[in-house]
Amino acid sequence: MPRWLEDNAPESDVVISTRIRLARNLADVPFPSKIRKRSDIELVHSSAKDCLLKASEFKYVRLSDMSELSKRALTERHIISNELARKKDGGLITSGDESISVLIMEEDHYRLQSISAGLAINKAYNAADHLDIMLSDGVSFAYDEELGFLTSCPTNAGTGLRASVMLHLPALTAAKGIQRVIAMISKVGMTVRGAFGEGSEASGAFYQISNQITLGVSEKEILMRLLTTANKVIDFERHTRRELYRNLGIALEDRIWRAIGVLRNARKMSDVEAQKLISDVAFGVALGFVPKLSSSTLYRVMMDTRPAVLAEGNNSAQPQQRDVVRADILRKVFDI
Amino acid sequence: MLCDECLKNNATVHMTTFVNGQIKTVHLCGQCAAKRKQTAIIPGFSFNDFMSAFYDTDDSADVVCDICGTTLLEFKKTGRLGCANCYRVFETSILPVLKGIHMNNKHTGKRPGERLDIDIEKAEESINKKEELKKAMRMAISTENFEEAARLRDEIAILEKEGD
Ligand SMILES: [Zn+2]
Ligand SMILES: [Zn+2]
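Chains as they are written, first to last, in our numbering: chain A, 1 to 336; chain B, 1 to 164.
Chain A extracted, bound-state conformation (with noise of 0.2 Å):
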C-alpha cells in the first residue's frame, strides 16, 4: 500500500524512509488550538486548495468524510498522526503515492509532509521545499525575522523542520547496542524512538531518528546533520551485523530461517508477532541469506499487514478475521 516504497532505495539493507516534515501557519489566524471562527478554519482549507490543489495530482479529503477504518490506516502508514486524526476540522491534501501530503488544522494550520524510500534527504527536502514555496506562493505565513517561522509550539519555531529517517537496526538491539546510539544521537541535538507503538516498546527493531533542534540553525546544517548521524549509525548497524554472523554463524541463520518458516506455514498470526518475525527476515536477507526477497518487499509486506491497512485492503475484515487474512498474505510473499 505504501506506494512510494521502491525496489533498490539507497541504503535500503539499513534506512526504511527519510522523511521531512515543515510546520506552517497563516499570519493572521489563531493556531489550531485557539481558532474559533468557522471562517478562519474554512480559509485554512480554501487557502491550501486554492495553492495546492493547481497540481492535478493532488487530492483533498476532509477528515470528518472518513472512515474511522481509514483514518487509522493512514496513523499505521504514518501519513496522519493520530492526534490529527480525532480532530474534527482537519484536513489532508496528498498525492497519488503518498509520498506527499499536507495536514491541515493538527497542531499548526500545515505540516508539509515528504516522504522518500531508503536514505533520500535531498530528494525528500526539495519536494518539501517545492510544496512549501506552492503554498507561500498564494498564502503570507506567521514569520517574525528573529523567530523564524511561528508555530504553536515554540519546539518547532524557527525553520520548522523535522527531519527523519526510519531505521532498521536488528542487530544493535540484539547487542545491546541501541544504548550507545542514543547516547552519541542526543549529544548531537537528535533523538531517537521506537518507530512502532507509541513510546512503549519498540516492536521489530524499527527507530527513528530526528533533529531536535530548530530554530538558530539552517535547513542545511539541520540536513547535514542528520545525514552525517544516520550514515554513523548505518556503518555502526552494518559492521554489528557482520560481528553477530560471526559470533552466533549457525544460529543466526536458523532463527532467521525459523522466522520464514513460520511465516510460511502459520494459519494465524498477529500484527506483532508478524513484525518480529518479518524483522528477523530483514536481517537475514541484509545478510544475504535469503536472494529471493528484497528489504523493500519486506517492509511493504509489513505495512501491509498492520490491522486497519489490512482490513481496509479486504473488506474491512473484523479484527478475529484479520490474523487470519494476515497469515494468508504472509504465505503467499514467504512461500519461496
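For the record, the hints were derived by calculation from the structure and aren't laboratory data. If you're wondering where the values come from, they're calculated on a predicted model, not measured in any experiment. All C-beta atoms in this analysis are idealised placements derived from N, C-alpha and C, irrespective of residue type, glycine included. Among the hints, erroneous ones may be present.
As the list claims (entries may be wrong) - Derived coverage of chain B by chain A (criterion: at least 3 residues anywhere in the stretch with Cβ under 8 Å from a Cβ of chain A; other residues may be distant):
#, region
1, 100-112
2, 139-145
What the hints assert, rightly or not - Derived lysine-lysine pairs resembling BS3-like cross-links, with alpha carbons at most 30 Å apart:
#, chain 1, residue 1, chain 2, residue 2
3, B, Lys99, A, Lys232
4, A, Lys123, A, Lys54
5, A, Lys88, B, Lys161
With the hints as your guide, set chain B with the ligands onto chain A.
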C-alpha cells in the same frame, strides 16, 4: 493501582511525561517502567527541563494575549501558544525557554518563498575533501615541504568559498 501498560501488576512507578503539549502521569509496574526507559524518547534535552524552565519564571501576574485570549499560565501548563501574537506578548517568558531548547534565538534558515535546492551529499563530500586536504597540509608543514603546503592551503580556500 494497576499498571497502565500491562494491566496486570501493581503500579509502583509514577512517571510524569509531556506528550503533544499535554502533561500526563503514567503509572507503571517495575518491569514496564524499565522497558519504557530503554525505548522512551531520549532527546538532547528533556521536555521536563523545558517545562521546569517555565516554572522557574515568576508567575505572580498573569498575562493575556489580546488576539487569541491565551494566558501565560495556560501556556506554562500546555506548552502551546495560541497565535503569532503570543510570541510578542509572552516574549520575556518564551525567549529563555527557546534558548534552552535550540541553538540560539536567531533564525538562520530560509525566508518565506525562498527556494533552497539542497544538495547535502555534495556538501558532505566537500567537507570530507577539506578534512583530507587539511591533513595533507599539516603533513607537508611537518616535513617542511612549504611549497606543497601553500598549494594545499589555496585549494582549501577555494573549497571554503564554494560552500557558502
Ligand atoms: Zn506493567
Ligand atoms: Zn495569542
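Going down the list of hints, with the structure as the test:
For the region 100-112 of chain B, the stated coverage by chain A is satisfied: 12 residues place a CB nearer than 8 Å to a CB of that chain, which reaches the threshold of 3. Residues of the region 139-145 of chain B lying with their CB closer than 8 Å to a CB of chain A number 0, which falls below the three-residue condition for coverage. Restraint check: the Cα-Cα separation between lysine 99(B) and lysine 232(A) comes to about 28 Å, which is no more than 30 Å; the hinted pair holds. A hinted pair counts as satisfied when its Cα atoms are at most 30 Å apart, and lysine 123(A) with lysine 54(A) qualifies at roughly 22 Å.
For the suggested pair lysine 88(A) and lysine 161(B), the alpha carbons sit about 51 Å apart, so the restraint of at most 30 Å is broken.
In summary, the numbered hints that this structure violates are 2 and 5.
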